[in-house]
Amino acid sequence: MRVESYEVEVELEAEQGFADITGKVQELIAKSGMRQGIAVVFNVGSTGAVTTMEFEPGLKKDIPRALERVAPRSESYQHHLTWGDDNGAAHVRAALLGPSLAVPFSSGKLVLGTWQQIVVINFDTRRRHRRVVVQLLGE
Amino acid sequence: MRVESYEVEVELEAEQGFADITGKVQELIAKSGMRQGIAVVFNVGSTGAVTTMEFEPGLKKDIPRALERVAPRSESYQHHLTWGDDNGAAHVRAALLGPSLAVPFSSGKLVLGTWQQIVVINFDTRRRHRRVVVQLLGE
Amino acid sequence: MRVESYEVEVELEAEQGFADITGKVQELIAKSGMRQGIAVVFNVGSTGAVTTMEFEPGLKKDIPRALERVAPRSESYQHHLTWGDDNGAAHVRAALLGPSLAVPFSSGKLVLGTWQQIVVINFDTRRRHRRVVVQLLGE
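From first to last, the protein sequence lines stand for chains R, D and P. Counting from 2, one number per residue, gives the positions in the first sequence under our numbering. Counting from 2, one number per residue, gives the positions in the second sequence under our numbering. Counting from 2, one number per residue, gives the positions in the third sequence under our numbering.
Misleading hints may appear alongside valid ones.
[To be verified] Here are the simulated lysine-lysine pairs, BS3-like style, with alpha carbons at most 27 Å apart: (1) Lys25/P - Lys110/D; (2) Lys61/D - Lys110/D; (3) Lys25/P - Lys32/R; (4) Lys110/P - Lys25/P; (5) Lys32/R - Lys110/R; (6) Lys61/R - Lys32/R; (7) Lys62/R - Lys25/R; (8) Lys110/D - Lys25/D; (9) Lys25/R - Lys110/R; (10) Lys110/P - Lys32/P; (11) Lys25/R - Lys110/P; (12) Lys110/R - Lys61/R; (13) Lys110/P - Lys61/P; (14) Lys61/D - Lys110/R; (15) Lys61/P - Lys25/P; (16) Lys32/D - Lys62/D; (17) Lys110/D - Lys32/P; (18) Lys110/R - Lys32/D.
[What the hints assert, rightly or not] Which bits of chain P does chain D cover? Going by a derived footprint, with three or more residues having C-beta under 8 Å, they are: (19) 39–49; (20) 62–72; (21) 86–95.
Hints listed in this document are in silico derivations from the structure and should not be mistaken for laboratory results. Note that the Cβ used here is the ideal one computed from N, Cα and C, for glycine as well.
Please construct the entire structure, taking both the sequences and the accompanying hints into account.
Written out as structure tokens, the structure is:
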């Protein structure tokens, strides 16, 4: 067994910019030559998150609408008092979803469902260039 | 160190069917002969999730009630317009909880708390047969 | 590659006690001598969770306020009927956030953002001494 570190870079729109990075993670597995193991996908930064979803335009509207019920954009956040920031909702949403995902692969392929993609979400109030670390552990 | 891939199959009721798979994951660790490592538990498909909880009947009602506040079942979802589906709430709930969990084991035993079980949840509007991939990394 | 198991112990205030354990996890990586791999951080128990956030006082109020919308403290939970407990909200919140996180490290350092810390949260209605298992897999 061995471990290999890669980085994927994505440009993400402000306030719920989504990027499907499944293809890139799959390419890295191919490049590593590993057949069996896990891909740990980690969003660097505290206003973004990683999850899986069916990557289609409807859900890209539905997920933000649900999160608006939990952490409304226009709420007055204590976080704003600390830094004069305006992205309290982004921080709360990112902490709830979490920055990290471990996805198994077998025979060199991610074990995802047909309509299940690995997605990075930017909750921040400004467009962000995000570094996503992809660490492969396997053989 | 080595990696071993297994699959657990579960039949889950529609709209918040829960299955406790702790015993099955523990059996796979015993079968692998590994003493120390992690079990990555991954739900294949975008309308189910994996988490830990105290597996008792009360919480199986409390968790769906909380999720109903975030992503109500009867809401009109954009996802429904994309496919003519009726399971937008299921997709949103699954993306928020996440499909994956990494649970350490030590001396051949999962390090869970006494009242903490590994649970697969089906949010879909129909009964589902779910494949849960269990990947063991350890020695 | 090899695996090493450690435990971090934290004292956490009742109902959203937060502890930043980033420094402790970083020390364990140094102690292990590993340069590249993942740290799996796992909260033992079903009323606590692990995530990343910017660890500052404002967000420690904002995150509980958002969770109060999802799983209000004073709600009557079915879980209370099962055990005569009063911590149904804690169980629901912990199941939604999840107990586990996999954080990559490279050149001996966690790949976190500058304002991104590894945080354990206690949702329980009483002060808790929590065991957090840190499993390092790497080389």
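Hint-by-hint comparison with the structure:
no.	hint	result
1	Lys25/P - Lys110/D	holds, 24 Å
2	Lys61/D - Lys110/D	holds, 26 Å
3	Lys25/P - Lys32/R	violated, 34 Å
4	Lys110/P - Lys25/P	holds, 12 Å
5	Lys32/R - Lys110/R	holds, 12 Å
6	Lys61/R - Lys32/R	violated, 30 Å
7	Lys62/R - Lys25/R	holds, 24 Å
8	Lys110/D - Lys25/D	holds, 12 Å
9	Lys25/R - Lys110/R	holds, 12 Å
10	Lys110/P - Lys32/P	holds, 12 Å
11	Lys25/R - Lys110/P	holds, 24 Å
12	Lys110/R - Lys61/R	holds, 26 Å
13	Lys110/P - Lys61/P	holds, 26 Å
14	Lys61/D - Lys110/R	violated, 34 Å
15	Lys61/P - Lys25/P	holds, 20 Å
16	Lys32/D - Lys62/D	violated, 34 Å
17	Lys110/D - Lys32/P	holds, 24 Å
18	Lys110/R - Lys32/D	holds, 24 Å
19	39–49	holds (count 5)
20	62–72	holds (count 3)
21	86–95	holds (count 4)
Comparing the model with each numbered hint stated earlier shows that hints 3, 6, 14 and 16 do not hold.
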